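So the protein lines, in turn, are chains A and B.
When we follow my numbering, the leftmost residue of the first sequence carries the number 1, and every step to the right adds one.
When we follow my numbering, the leftmost residue of the second sequence carries the number 1, and every step to the right adds one.
A few of these clues could be false.
[What the hints assert, rightly or not] Computed cross-link-like contacts, BS3-like style, restricted to lysine-lysine with a CA-CA straight-line distance of at most 30 Å:
1) A/Lys3 - B/Lys77
2) A/Lys57 - B/Lys49
3) A/Lys55 - A/Lys70
4) A/Lys71 - B/Lys49
5) A/Lys3 - B/Lys58
6) A/Lys55 - B/Lys58
7) A/Lys70 - A/Lys53
To be clear, the hints were calculated from the coordinates, so they are not data collected in a lab.
Since the model is a prediction, treat every value here as computed from it, not as a measurement.
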Amino acid sequence: DVKVTQSSRYLVKRTGEKVFLECVQDMDHENMFWYRQDPGLGLRLIYFSYDVKMKEKGDIPEGYSVSREKKERFSLILESASTNQTSMYLCASSVSGTGWTEAFFGQGTRLTVV
Amino acid sequence: AQSVAQPEDQVNVAEGNPLTVKCTYSVSGNPYLFWYVQYPNRGLQFLLKYITGDNLVKGSYGFEAEFNKSQTSFHLKKPSALVSDSALYFCAVRDPNYGGATNKLIFGTGTLLAVQP
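Using the sequences and the hints, build the whole thing.
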């Protein structure tokens, strides 16, 4: 069974802290994605990566950075957490193909910044 | 701009009745369309996709979707709803601005399906 695992289900952090969200996939997928999900806004892409050490900005990259040192792991970093980054964060992965392969999602990390 | 619209925030249906969750899209070129479902406090699960071919696509859990090019729609349907179908449903389209192998998706805002017993 395919699996995308996010390191935490729930996280509470203080304003100004550096926050790391980890995601690991066991499917040898080339593509990995980080989304945030907010009510009424759907899923918005923060960053994605199509290969090790490669990354591209999504639609809302401000305040975030990413790291992909190994194929199976994609980390999202909040350099200095702020309350407006309180959200549900979803990691996904997909095989590299011709655009019609579906993405597999992790269970999500609900981050609260206080 | 490329976009996906889900015009209904919530759809209510009685168990056993047919259900429809609406989705319209606006993309250049041929669309690659997807439906995902999210159960409470869970990630998204893939339901079905349209790439090309037959306009009626069948997916998981008895769901199907009808692609209509002239109306730029991709509505999700099920002939007989179950209480366990209650969840948040997302329509998505591949972003054509990202070619090749990277299937970056544009998501709609989601529709909450509530099935009453």
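Against the structure, the hints:
1. A threshold of 30 Å between alpha carbons decides the hint, and for lysine 3 of chain A with lysine 77 of chain B the separation of about 27 Å falls inside it, so the pair holds.
2. The hinted pair formed by lysine 57 of chain A and lysine 49 of chain B meets the criterion: a straight-line CA distance of about 25 Å does not exceed 30 Å.
3. In summary, the hint linking lysine 55 of chain A to lysine 70 of chain A is supported, as the alpha carbons are separated by about 12 Å, within the 30 Å threshold.
4. For the suggested pair lysine 71 of chain A and lysine 49 of chain B, the alpha carbons sit about 26 Å apart, so the restraint of at most 30 Å is met.
5. Our distance criterion of 30 Å between C-alpha atoms is met by lysine 3 of chain A and lysine 58 of chain B, whose separation comes to about 24 Å.
6. Distance check on the hinted pair: lysine 55 of chain A and lysine 58 of chain B sit about 34 Å apart at the alpha-carbon level, beyond 30 Å; violated.
7. A threshold of 30 Å between alpha carbons decides the hint, and for lysine 70 of chain A with lysine 53 of chain A the separation of about 8 Å falls inside it, so the pair holds.
Hint check: a violation occurs at hint 6 only; the rest are consistent with the structure.
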